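Colleague: Keeping their order, the protein sequence lines are chains E and X.
Each residue of the first sequence is one higher than the one before, starting from 371 at the first, in this note's numbering.
Each residue of the second sequence is one higher than the one before, starting from 371 at the first, in this note's numbering.
Heads up, none of these hints are tricks.
With a straight-line Cα cutoff of 20 angstroms, these simulated EDC-like cross-link-like pairs (lysine to aspartate or glutamate) come out:
1. E:K654 / E:E745
2. X:K1027 / E:D607
3. E:K1034 / X:E422
4. X:K1038 / E:D514
5. E:K1027 / X:E436
6. X:K435 / E:E439
If you're looking for bench data, these hints aren't it; they were derived computationally from the structure.
Only a predicted model underlies this, so the values are computations on that prediction, with no experimental measurement involved.
Number of protein chains: 2
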Amino acid sequence: MPSSVQKINPDIQKERNNATFNTQEFTLWWVGGEQRYKEKKALEKDFLEDPELMDKIPISYLSHKELYEEGVRKATIISNKIRVMRQEGNDGIDTYTALLGGSLGSALIKEGNPLTLHYVMFVPTIMGQGTVDQQVEWLSKAWDCEIIGTYAQTEMGHGTFLRGLETRADYDPKTQEFILNSPTITAYKWWPGGLGHTANHAVVMAQLYTKGQHHGIQPFIVQLRDENTHMPMPGIDIGEIGTKLGMKSVNNGYLGFKNVRVPRMNMLMKNSQVLPDGTFVAPKSSLLTYGTMMFVRVALIRDTAMALGKASTIATRYSAVRRQSPIDPNEPEPQIMDHVTQQLKLFPQIAKAIAFKLTGDYVWTMYNNVTGELEQGNLDRLPEMHAISCCLKAICSADAAAGAETCRLACGGHGYMDASNFPTIYGMATAVCTYEGENTVMLLQTARYLVKVYETALNGGKLVPTVQYIKEAIDAKVFANFDGSLLSIVKAFQFVAANKVRIAYDRLERSKSQGHGPEKAANLTGIELTQAADLHGRAFLALSAYTEIKNICKNVSMALSKVLLDILELYLLDSCLNRIGDFLMFIDLSEKEVGDLEIRREACLARIRPNAVAIVDGFDFHDRMLDSTLGCYDGNVYEKMFEVAKMSPLNREPVNKSFDAYLKPFMKANL
Amino acid sequence: MPSSVQKINPDIQKERNNATFNTQEFTLWWVGGEQRYKEKKALEKDFLEDPELMDKIPISYLSHKELYEEGVRKATIISNKIRVMRQEGNDGIDTYTALLGGSLGSALIKEGNPLTLHYVMFVPTIMGQGTVDQQVEWLSKAWDCEIIGTYAQTEMGHGTFLRGLETRADYDPKTQEFILNSPTITAYKWWPGGLGHTANHAVVMAQLYTKGQHHGIQPFIVQLRDENTHMPMPGIDIGEIGTKLGMKSVNNGYLGFKNVRVPRMNMLMKNSQVLPDGTFVAPKSSLLTYGTMMFVRVALIRDTAMALGKASTIATRYSAVRRQSPIDPNEPEPQIMDHVTQQLKLFPQIAKAIAFKLTGDYVWTMYNNVTGELEQGNLDRLPEMHAISCCLKAICSADAAAGAETCRLACGGHGYMDASNFPTIYGMATAVCTYEGENTVMLLQTARYLVKVYETALNGGKLVPTVQYIKEAIDAKVFANFDGSLLSIVKAFQFVAANKVRIAYDRLERSKSQGHGPEKAANLTGIELTQAADLHGRAFLALSAYTEIKNICKNVSMALSKVLLDILELYLLDSCLNRIGDFLMFIDLSEKEVGDLEIRREACLARIRPNAVAIVDGFDFHDRMLDSTLGCYDGNVYEKMFEVAKMSPLNREPVNKSFDAYLKPFMKANL
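Work the whole structure out from these sequences, hints included.
Modeller: Here it is as structure tokens:
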């Protein structure tokens, strides 16, 4: 919806007039109902229209240092508003999510908020892992931002493999203190957001040693900087790690310890404890940590959907306005969205945005059920939940990053400009492939679960819901009845996934039988294992997209349900054709049958074509969230491009000083 | 080879010690012999060790304006050196290529030289399209850099579709001048490198009107800025377009004309002419322009190989130094290159770098032969050459960009840092997908040729060498003898490509028979057409990699030839498995046969593993060309990361001013 009344580009207006469904109905469904829509709009108004939170010039013109300083300025304004909302009791979890992670937060500080980790890691870790006494001591100070914290886990030498962390905390019973040290250069903490120059406290993960014994990784609250001067505390070596592909104002830092002493009660002791004499008391269960990792990965699935939503909105609107390359030589140049090759770039990204969002919501519910069962002491579905969250995180992040780049490239040279906002969207989206568990490692974790499941099935055991299909495939042996229906494609995906698991299992077993230990064998079968996990996740996505959209269609207008079914069909056909090699290995399809799938995909593209702009309008991204010359609601692309170019500091003066300094002497040297 | 004597990381040294071949032999072959190697080293020494051409701090810390100013400073130093070399007669074409486009040039000004277009477009266009008199007038001034030019073709509204350009040049016979105008906002020139604030002249492509008639696009030399003050000339609206994903110091500009008059003789008239009275004289042939486009595209193939070479060098060296995630729980953490999944990320990129380079060289020879024939008036091979250069440009640029990202992601979080240099490599590599003809448009141009060829073959006509296989496939109908040999994989690629062409042709014909005109039908078949062109290019790459490596093996040591054959096998198996869906559509392969290909690919990875570091060493990138904390020759990754982080201007002071300005007031607000 437009931010203010302005002239709308006629080409894009025509698209809106010709849509076959009501965009507002789409939006209300998409955001979750009237009430949520109102709250969303109110929050957007409060933050996006605050003049203090607007950029004077595009931040891509700033130096790294200026970018950080501007980031802190805005971050404190946002946090101040949050503090007020909290004092008034208006701070729901959705508000934090929107302002710190979501589309709204990244509209406000597009290269990342240096205070985010304070809210999403520092405070929750104290809540989750501190005793009641520790919570009393730290939480209100943290909530009120009298102290600002971060979460220091990753080190220069170790990220995904946590057990390899090197930072030590040695307990000294004489003073009842822990002594923190970074024994090597690779032991330096490296990456925590806000650590560089922003936070004055951190939860530090370190290897605990007490009474000469090692007790694994434990969390310690450490003061990093003086509360009044902000100077680093004694023994603390701290700074920022430097510029990055994206998330440029997050202030990721490094941190080294040299005999830094903290009181015993600075170890968060809800789980493990160290008694005053140095006795270690082991935790009853470590499952809660497991839960946090799943929580974050499940949340990331929805973030990937938003990234695809933004990228496809920008590219689709631009493709409605841009005219180029005649199709019919007797007619004017068409909107580039009329080129079928362009449709194949854009529309599958729209479909994935929708499928990922629905799957994210579905898995979110599943996660809540599983943690509910967990609290009852029922751990049955935990491995299943862990497995599906790992592979979905990997697949959705990889596809979202690739899809955002496809959208950028579909906008030609203009997509390459920072003002298109594609570079920032990609920088954010591709980071998800690495953080919270590197994607290949994630797939291998899922695969480990799948081969166990396969063995269970072989031995006649019962399987839980998300892997039930593996048993069915073993029993069926061949996939006989492919009829091209949507359900048949979903079933075929499962059959293919089951067979990929079979192949991984067989090669793993063969490798073991050749004398390799299970770990070596798993490494030698790494490629097959990741492929199996990939197909498992894709089969799950196919099924959840199918189930969710079929359900939704019962409760929306016929017009909207038609559109959603087009989206579903495109999603399934495109997913299948992108993996057609796997299908053909296990399912006997003729050239004609594959050709029919291709032709149906083209028919889907043609049906979606007249609704494409209206669908992305339905995602309801505020212009400031898109922050794109190419994607603005009014479609005045070229005018916006000019407007932004004119803001370049280089364009403020007709002649840059480098002319007199370098160019003129050089040009005149020969005269 | 190391820039200076320093401690070498023992893990990377061990790799070098264990290689089965001589790296120096690889390098001499790779760069083209002893003499070229010496010249390369001398040029590198002269430029890379010039202290004036080194960065004081990493340029990622600079603001956009500072980055430009630093770019101009270095560009004039480089051009001064070139001027001296030219005066001494030492300026061969290789020197220009290396300094302005190649790995050396991008090491000197890593975000792009604002003077490049002066050398690679402005000067050559005057040489190629100016009359002798015009060359006398402009060339020596241009060569001596008394004037600095650029090439202004692309407009805001039109890039790839040249005929759509809107800038007008109206001839006024009264004054014998052309009057240039930008009739709309979309008519503004947009993108030319160096146009923003650097060049004072341009070759401007504009629609010629004379005597009330339109005569297509013609080139005009236009003065943009005053030679002494650098102020824009009257009627010239000029500036830069703003920040971009990459090539950040190229100073891409915009340019609008309002009744700008230039003398008649400023139209470059080697081809078309306008006589004093306004009479238009048409050119004899427009093939020479065709030639320039092919020239650039052929050159780009080699650039894509260099991008992959750099990215794979960085990721491979890092993977030898980085240790993480145990394979065997009883052993220390392995070098991450020992993870098979990591090998599948890296080694195919190395293989592609080699295959693309060899194909680039091969096509370069082919191009020279074709232009030689052209000058004899023989146009026979021109369409074939055009077709192959278009699809190779598209495939190699897309694969190089994707491969560079795969390498980055294989380096985890550290790859995300600018100091890894991956973001810059990707920014450069992905730009090639768009410039010099957008990739989808390129594939469609190749496809147009292929369907014509197919029709010729159907009608029993003779085919030229690069498409001969299409006729063979038509005759054979089925691919009967797949035996898994390398030659068999190459032949299978051709068979698959031919069948993709058949499908595109059939659907195109069907579409026409349903009443669509040829252009509309081509649009409706766009997806099939691009797929056919893609497979055609991949079949060509497979054949040329096969032929070239088999040839090379006759002239190198047995040890090196073994390595190159491993590379060839990996390249072919990996290419085939990445397109296995297409293979299975047309060639009857069992699950076991596909599985055997997968197992052989894994065996290739294992054979390449001990030689990987030595192979990328063989590419012989100077440390400054890689400019990467992760990829330096000595392997001291973590020390370098620290060194670069310490250079951050934010790390120069322990407390940033934003603490007093924003953070402290915010934290103390509640107290």
